[in-house]
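*Asks:* Sequence:
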Amino acid sequence: MRSTEHYSKYKAVEHKYFTLYAAPVILKKLLSDDVYNHFMLYTVSCRLLSQQDRNIHIEKARKYLRTFVEKAIVLYGPTFISLNIHNLLHICDDVESTGSSLSELSAFRFESYLGGISNVIRSPNHIVKQYCNRIEEQEKFVKKNITIHPELQILKRKKSDILKIKYKGMAISLKHPNNTVLLSDKSVVEVCQFDCTVDDQISAKVKKYLRKESLFNYPCTSNTLNFEVSRLSNITTTINLNGIQQKLVKMQLNFSSEEDCRTVVVPLLH
Numbered sequence: 001m002r003s004t005e006h007y008s009k010y011k012a013v014e015h016k017y018f019t020l021y022a023a024p025v026i027l028k029k030l031l032s033d034d035v036y037n038h039f040m041l042y043t044v045s046c047r048l049l050s051q052q053d054r055n056i057h058i059e060k061a062r063k064y065l066r067t068f069v070e071k072a073i074v075l076y077g078p079t080f081i082s083l084n085i086h087n088l089l090h091i092c093d094d095v096e097s098t099g100s101s102l103s104e105l106s107a108f109r110f111e112s113y114l115g116g117i118s119n120v121i122r123s124p125n126h127i128v129k130q131y132c133n134r135i136e137e138q139e140k141f142v143k144k145n146i147t148i149h150p151e152l153q154i155l156k157r158k159k160s161d162i163l164k165i166k167y168k169g170m171a172i173s174l175k176h177p178n179n180t181v182l183l184s185d186k187s188v189v190e191v192c193q194f195d196c197t198v199d200d201q202i203s204a205k206v207k208k209y210l211r212k213e214s215l216f217n218y219p220c221t222s223n224t225l226n227f228e229v230s231r232l233s234n235i236t237t238t239i240n241l242n243g244i245q246q247k248l249v250k251m252q253l254n255f256s257s258e259e260d261c262r263t264v265v266v267p268l269l270h
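Oh and the sequence shown: position 51 is 51 in full-length UniProt numbering, straight run, nothing missing.
Simulated from the structure, these hints should not be mistaken for laboratory data. Errors might be hidden in some of the hints.
Between beta-carbon pairs, the in silico distance windows are [as the list claims (entries may be wrong)]:
| no. | residue 1 | residue 2 | range |
| --- | --- | --- | --- |
| 1 | Tyr76 | Thr237 | 48 to 54 angstroms |
| 2 | Leu83 | Ser203 | 49 to 55 angstroms |
| 3 | Gly169 | Asn217 | 28 to 34 angstroms |
| 4 | Pro124 | Gly99 | 40 to 46 angstroms |
| 5 | Tyr17 | Tyr218 | 32 to 38 angstroms |
| 6 | Thr236 | Glu96 | 15 to 21 angstroms |
| 7 | Lys9 | Leu105 | 34 to 40 angstroms |
| 8 | Asn240 | His6 | 20 to 26 angstroms |
| 9 | Phe80 | Ser233 | 41 to 47 angstroms |
| 10 | Gln52 | Asn87 | 46 to 52 angstroms |
| 11 | Ile81 | Leu31 | 15 to 21 angstroms |
| 12 | Ser233 | His15 | 31 to 37 angstroms |
| 13 | Ile202 | Ile117 | 33 to 39 angstroms |
| 14 | Val13 | Leu210 | 31 to 37 angstroms |
All residues carry an ideal CB built from backbone N, CA and C; glycine is no exception.
Go ahead and model the full structure; you've got the sequences and the hints to work with.
*Replies:* Shown next, in the form of structure tokens:
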């Protein structure tokens with residue numbers, strides 16, 4: 001995502017990342033409390049409707065979005081209520097009636113796919129033919145990954161060292177941004193090393209994040225969404241991969257030179 005200086009030129013995918021992940025962090029010290037809390041009604045609703053357990057949160061999201069629209073009139077005036085803002089009142093109905101998450105209902109995926117298409121086009125001539133040729137090449141020469149069992153693949157290794165794996169659909173590596181995960185006991189850890197035993201079982205050495213704090217408390221506490229501010233421990237422990245519950249997005253938080261740099265983590269939505 002580009003700097004907020006380019007916000008007016010953001011693509012749809014950048015708007016999605018800003019709304020679901022970055023905005024609660026970036027805007028916290030930029031907006032007044034009233035405006036920030038108002039925006040959080042919107043971004044929290046979007047996250048609730050994008051989660052796998054969205055069905056149990058629909059009524060809560062509906063309440064937040066209704067409050068968002070009502071308070072928008074007070075903060076920004078009646079002219080702010082455009083058709084797009086009014087349509088927010090019906091998003092929960094769409095999620096409920098289709099059984100799909102908000103991400104599945106949006107058009108973000110189409111813009112992302114268009115970017116992939118443009119990357120394989122080499123000239124302005126015979127574009128459809130070029131694209132078909134590239135697809136055929138990819139299908140013929142796709143690299144085969146080493147599969148240990150259906151849930152686990154080794155994607156990258158250097159000699160005997162495992163650098164990147166795919167586990168239950170999650171790409172996890174030893175480097176940012178793919179090395180932070182949430183465990184089933186709600187611990188947040190950073191993956192430092194993968195170890196493979198003689199019977200092809202893989203474990204991970206991790207460092208745990210400590211001193212969890214809430215980033216925001218309205219319209220709900222950020223911990224409800226596993227949206228937390230943490231500090232990394234220096235102690236390394238070993239975990240089994242089956243303890244990994246979810247992949248996390250990690251961002252650095254430092255509002256002033258007088259503050260220590262902290263880490264914000266938030267679950268990655270699919």
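*Asks:* All hints are to be evaluated individually against the structure, with a verdict given for each.
*Replies:* Do the hints match the structure? See the list:
no.: 1; hint: Tyr76 to Thr237: 48 to 54 angstroms; result: 49 angstroms, holds
no.: 2; hint: Leu83 to Ser203: 49 to 55 angstroms; result: 53 angstroms, holds
no.: 3; hint: Gly169 to Asn217: 28 to 34 angstroms; result: 32 angstroms, holds
no.: 4; hint: Pro124 to Gly99: 40 to 46 angstroms; result: 42 angstroms, holds
no.: 5; hint: Tyr17 to Tyr218: 32 to 38 angstroms; result: 22 angstroms, violated
no.: 6; hint: Thr236 to Glu96: 15 to 21 angstroms; result: 45 angstroms, violated
no.: 7; hint: Lys9 to Leu105: 34 to 40 angstroms; result: 25 angstroms, violated
no.: 8; hint: Asn240 to His6: 20 to 26 angstroms; result: 43 angstroms, violated
no.: 9; hint: Phe80 to Ser233: 41 to 47 angstroms; result: 45 angstroms, holds
no.: 10; hint: Gln52 to Asn87: 46 to 52 angstroms; result: 24 angstroms, violated
no.: 11; hint: Ile81 to Leu31: 15 to 21 angstroms; result: 20 angstroms, holds
no.: 12; hint: Ser233 to His15: 31 to 37 angstroms; result: 35 angstroms, holds
no.: 13; hint: Ile202 to Ile117: 33 to 39 angstroms; result: 35 angstroms, holds
no.: 14; hint: Val13 to Leu210: 31 to 37 angstroms; result: 33 angstroms, holds
When each numbered hint is compared with the structure, violations occur for hints 5, 6, 7, 8 and 10.
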